[in-house]
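Participant: Residues per chain, in single letters:
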Amino acid sequence: MRIRGRTAAFIGVTAAMVLGVAATIAYSVGTGRDPSRTVTWWVPNWDEPVATELVQEFEAQNPDLSVEMVETTSDTMANKISVALDSGDPPDVITELASRTRTYIAKGSLADLSDLYGPDIPRSDFIPGALDAVTNDTGTYAVPYRWDCVALIYNKDLFAAAGIAGPPTTWAELVADARKLTSGDVTATAWPMSGAAEDLVRRYLGFALSAGARVENGVPRLDLASSQAALEIVGGSVAEGWASRSSLEVDNTEVRELFINGRIAMYLGGVFDVQQQLDAGMNVGTALTPGPDGPGLQAADGWGYLVPAEAKNPAGARRLVEFLARPANMARLTITYPARISAGGAPQFHDQYRQPHYEQLAEHSVPPPNDPAWVAMNPFVYSTIQAVALGRTTPAAGARAIQAESDRLLGPTG
Amino acid sequence: MNRRVLATATWLGIAVMAIWTLAPIAVMTFTSLKPRDEIFAIPPSLLPGTWTLDNYVEVFTNSSMPRAFLNSILAALLVTVMTILLCGSVGYALARFRFRSARPIALFILLGQMVPITVLLLPLYEMIGAMRLLDTIAGIAIAHLVITVPLVTWMIRNQVAAIPIELEEAVLIDGGTRFDAVTYVTLPVAAPGLAAAGMYAFLQSWHEFVLASVLTSSTTARTAPVALTEFASEFKVDWGSTMAASVVLSVPVVIAFIALQKYFVRGLASGGVKG
Amino acid sequence: MTAAGAAATVAHPTPAARAARGRRRTGLALTLPAVIVMAGLTVVPVVAVLQRAISGDGRAAFGRLVASPDFVRVLLNTAVWTVVAVVGALVVGHAAALLMHSRYLRLAGFWRGLFMIPWIIPNVVGATVWKWNFSVDYGLVNHWLLQAGLIAEPVGWLSDPSVVLIALAVVQVWFTAPFIMLMVSAALTSIPEERVEAARMDGAGGLAVLRYIILPAIRTTTGLAALLMVVWALNSFTIIWVATGGGPAGASTILPILIYQAFQTGDAAMVSAVALIQLVVSMVFAVIYVRAVRGDMEEAAS
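Residue numbers (full-length UniProt numbering), protein chains in the order written: chain E, 1 to 414; chain Y, 1 to 275; chain D, 1 to 302.
One chain only, chain E, in its complex shape (with noise of 0.2 Å):
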């Protein structure tokens, strides 16, 4: 059977293609690493930088393994860091949210790393309630290294303009400001009610714990009273009128612009949102946030590092996460407090702006809930909210069914 010449070009032309996709893929699975060598490293793409130089540092001081950094990103890694856990070919260090942590624990995807607190890490150096987030019955699973919550950040000229002296401290203050505030283009607050639910459910959550709900081993215990308080400032400030009808289509981002834009007069932030706020020149003042007669509490959550149980190179994991745990290296690592107080005395976390937070940080927060049980309710939480704030329900009405879910998911209030 002779071959013309153009079938032979396309019998040529289909096997190059074959045994060219067949090479790529070859190629790409003989790609992998030495494990006993390397160290993997999951870190958000905003930590990369001094992340860089400290691997340096840590590969010097250690010639026999390498890291290899893989630069994760905010939208993507709660994801990832689930699907990667459990499939069980996970990296060996990540970089993740406490909040987060718990429900890993839950399914026994973290390596317990109690013995690397020691002399050289002593628990008693750490913000009180951050290694209680990492911890349960059985283990601390995380070595958080930065720690971080909101506190009220307000614009010091709509405050003067409105003839308010300084900010509130109580509650019956906070609302009595927020009507005089709220006029023309100007409302008084802003909630971030269309980004991730836990941003929202955590506003939320600091109310009721200011009113009393308590948190137990990361299950929050509600009560009709505190969750019902708490929906009447959160949701309801929007049905009355005080907190922006625009709260439900903001995330966090969008809040902190209506308050740059003057839109919004106070808000609950992150110190790092002061920076930029100072940047762009506003008069900004940043104050503890209120609660009921006096400071009231907020929810704090931070970050940490993980090693998977399934780890390839736990030995060289455990190093690596020890080199990072110490003092210097954690205050070089943050971009707002530390999680040990030893790393946490540098001046630069203590200036006018960034005092209360500290304050309200290390004297009036309580650790993240995180059980999963309560993550899994989270959606439910924040779909309540924003029926509150749209009038479709009463904050006693939403406190009831926040109250049934609870009951159901968490277990009756003890």
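Honestly, the hints are just simulated from the structure, not real lab data. Just to be clear, a hint being listed does not mean it is correct.
To be verified - What follows is a set of in silico ranges between Cβ atoms, one per label pair, in the way DEER data are often shown: (1) 15(E) to 200(D): 51 to 59 Å; (2) 61(Y) to 148(D): 35 to 43 Å; (3) 50(E) to 144(D): 38 to 46 Å; (4) 165(Y) to 195(D): 24 to 32 Å; (5) 276(E) to 148(D): 32 to 40 Å; (6) 107(E) to 69(D): 25 to 33 Å; (7) 315(E) to 100(Y): 55 to 63 Å; (8) 55(D) to 278(E): 40 to 48 Å; (9) 63(E) to 55(D): 45 to 53 Å; (10) 19(D) to 7(Y): 55 to 63 Å; (11) 100(Y) to 407(E): 56 to 64 Å; (12) 276(E) to 50(D): 45 to 53 Å.
From the three backbone atoms N, C-alpha and C, an ideal C-beta is built for every residue, glycine too.
Once you have looked at the hints, place chains Y and D on chain E.
Facilitator: Here is chains Y and D on its own, set in the frame of chain E:
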């Protein structure tokens, strides 16, 4: 007069369509040319107050976007080649050979596109992991086959079926082999259709986000739509750069599409979805 | 096919039968690679989901899901979203394709390429841009409508529960209509010019030609396009996820959002339970799809 009314109506329709499709694109483009502090200005304005190329500089010099762009092209090309090989083979068989399992096979492949991606996420990750292809372009490409193969199989099958079988038989009678028949008759006639199918596969892979985001972890394999999320960090989203990167991402594809859309239409017309 | 099948059962096959069997084998062999790939990529995952959904955890999650008061609303939302998105995309897509086909239009290819842009740009980006456009404070839609005097105060496109789903479906239409335009454009080119001319000669007006000649001639395409749009609408979550996350107060939560929420909270049993429902819904359309496709196959084979 009637003619003039119709012509006016046509152009009016085009104007409405152009505003409807292009206004959001204009927002994207002009936002990419705004300085950071103008993006959330109140009241909003379409045009920048100060024009700046800073966002583009940021994208090209200070992000992994150029690399991601290359990754996207490689992944999409690999998907295209694999899809054309697989679907060319099965599409030709379904159009030209009569065998009992033909219809069940065709339906089985078609139904693949009914399965929600969210359902496939975890199992696919495990499978690609078992093949040691996580965080590689090949791994993404293999996963993307699930979204390209069903429709492309269908497109190619119909292309081939629309070509009279007598043409191929003539070659066989002349003493040619089946390969000869395919190369001298079927391929030239079906070429626009294959190009359209290839382009479809390329584009599907090009803008797929969920699979690519989960299957890649490092910048070595991260594709462009995933790399867009890099501009969002914990406390701030750099929307200017995100939009600049999106513009960079869209321009070559749009140009290629305008150049090739003729084949796309012809390819679909010659049987892809028979009218 | 039946003749060949019968021949194959004869004890001593004739050369023709042998050739037929050889061809069947070649045919099967050619389908094999694609079948193996699709089986690996879809059947294995679906079986895994089914397994988990009928396990104890899965059944419990299913109970939770069905008992939840929001479940019916999610189904309703999904229906509204699908209907609006599909009808909208069909109308816009057909209109655009007919425009492209107008003899008064010049540079049709250029316009077609331009109008395809929404389908080409990444969903995440498009959804973000639309989110801004719809915003009460930063949005150009409200700004322009206010300036034009069409509305007295900003509409909460994404924060008013009664309009949010429609607003989002409009975005889905924006993304998907271009593909319909393309499919219909292709179908229009295959209508013989003489048929339209003949109708014109008989004195039919533009609308009559459209209604009695053009639309019937492309109805298979319309049907397939509609099914494709249903599939895309049922699988789409990026737009809603980016713009509202399913809110406010669940007003824009559809099935895929429910899956993704469960995925995010690590509730694997719930993922499987919702996935099962979605599979069932998809199967209904799959049956319709199979019917439509089978007709098309026979038509093509004849």
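Participant: Of all the hints given earlier, name the ones this structure violates by number, lowest first.
Facilitator: The structure conflicts with hint 8 only, although it agrees with all the remaining ones.
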